[in-house]
Amino acid sequence: GAVVSQHPSWVICKSGTSVKIECRSLDFQATTMFWYRQFPKQSLMLMATSNEGSKATYEQGVEKDKFLINHASLTLSTLTVTSAHPEDSSFYICSALGRQGRGTFGSGTRLTVV
Amino acid sequence: GENVEQHPSTLSVQEGDSAVIKCTYSDSASNYFPWYKQELGKRPQLIIDIRSNVGEKKDQRIAVTLNKTAKHFSLHITETQPEDSAVYFCAARSLLEYGNKLVFGAGTILRVKS
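Chains as they are written, first to last, in our numbering: chain S, 66 to 179; chain P, 16 to 129.
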């Protein structure tokens, strides 16, 4: 149980374009979704927290207009990186929190902006 | 907010020896402390967790200890094997923060030499 699917696993996009990353909880309802960013050889940095049906709460320093988060249902959350630039290249990973209290990570998305 | 410090940043041990990684946290309201193992390019995998009403938890070769008074917790791996080589992250959850978010330590690169 507690499986989280994240797509795509990797994406290469041109500078200035937008990229959407999906995170789905397959066998449980995710009351809360967390989105993290991880640069090489660094820890996971929380970007934002979202609850189903409400606006996401962004961490300090994270631009909400650049990283759009939608949590429209208890099983799906999306992160859209708008007007991507090379410095946005990173490993993005979601974590879904179910009622059992444990977070389950998605498989991550390697974003490369060229 | 919560702050988690993790030491050491790198750890090399001989196969069969024990490895210990330590974390301290700042928010006394934190009550959930998971440990994750992350292999290169993959998602973090939960390997063990402990709640604040327990002082120690063991699962085969892995154990975690928690000292609430001192606000630190440790991961112990016994009889290390080459496949234990990975990056290990500790985390703490602060109930005072919106969404029960996890705050991660900086990570420890564990190398098990055969």
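Possibly wrong hints are sitting among the right ones.
As the list claims (entries may be wrong) - Residues from chain P shown here face chain S by an in silico Cβ test under 8 Å; the list is partial:
1. Gly31
2. Ala34
3. Pro59
4. Phe104
5. Leu117
6. Phe119
7. Gly122
8. Arg126
Stated by the list, open to error - Straight-line alpha carbon distances no greater than 27 Å define the calculated DSSO-like cross-link-like pairs of lysine-lysine that follow:
9. P:Lys52 - S:Lys120
10. S:Lys79 - P:Lys57
11. S:Lys106 - P:Lys52
12. P:Lys37 - S:Lys120
13. P:Lys37 - S:Lys129
14. P:Lys37 - S:Lys85
15. P:Lys57 - S:Lys131
Hints are computed from structural coordinates only; laboratory data are not their basis. Note that the coordinates shown come from a computational prediction; the quantities given were computed from them, not determined experimentally. By construction, the Cβ of each residue, glycine as well, lies at the ideal position given by its N, Cα and C atoms.
Here is how each hint holds up against the structure:
1. Proximity of P:Gly31 to chain S is violated relative to the hint, the smallest CB-CB distance being about 27 Å (cut-off 8 Å).
2. Given hint, P:Ala34 at the interface with chain S, is violated; its Cβ is 19 Å from that chain's nearest Cβ, farther than 8 Å.
3. The interface hint given for P:Pro59 holds, since its Cβ lies 5 Å from the closest Cβ of chain S, which is under the 8 Å cut-off.
4. Because the smallest distance between the Cβ of P:Phe104 and any Cβ of chain S comes to about 6 Å, under 8 Å, the interface hint for this residue holds.
5. Because the beta carbon of P:Leu117 sits about 6 Å from the nearest beta carbon in chain S, less than 8 Å, this interface hint is met.
6. Against a cut-off of 8 Å between C-beta atoms, the interface hint on P:Phe119 holds, since the closest Cβ of chain S lies about 5 Å away.
7. With its C-beta approaching chain S no nearer than about 5 Å, P:Gly122 sits inside the 8 Å limit, and its interface hint holds.
8. Annotation: interface hint on P:Arg126 violated; nearest CB of chain S at approximately 14 Å, more than 8 Å.
9. For a cut-off of 27 Å, the pair hint linking P:Lys52 to S:Lys120 is broken: about 31 Å separates their Cα positions.
10. Taking the CA atoms of S:Lys79 and P:Lys57, the gap is near 24 Å; set against the 27 Å cutoff, the hint holds.
11. Straight-line distance between C-alpha atoms of S:Lys106 and P:Lys52 comes to about 14 Å, which keeps the hinted pair within the 27 Å bound.
12. Restraint check: the Cα-Cα separation between P:Lys37 and S:Lys120 comes to about 36 Å, which exceeds 27 Å; the hinted pair is violated.
13. For the given pair, P:Lys37 sits about 34 Å from S:Lys129 by alpha-carbon distance, which is inconsistent with the 27 Å threshold.
14. Of the pairs offered as hints, the one joining P:Lys37 and S:Lys85 is violated, with about 37 Å between alpha carbons and a cut-off of 27 Å exceeded.
15. A hinted pair counts as satisfied when its Cα atoms are at most 27 Å apart, and P:Lys57 with S:Lys131 qualifies at roughly 25 Å.
In this structure, the earlier hints numbered 1, 2, 8, 9, 12, 13, 14 are contradicted, and the remaining ones agree with it.
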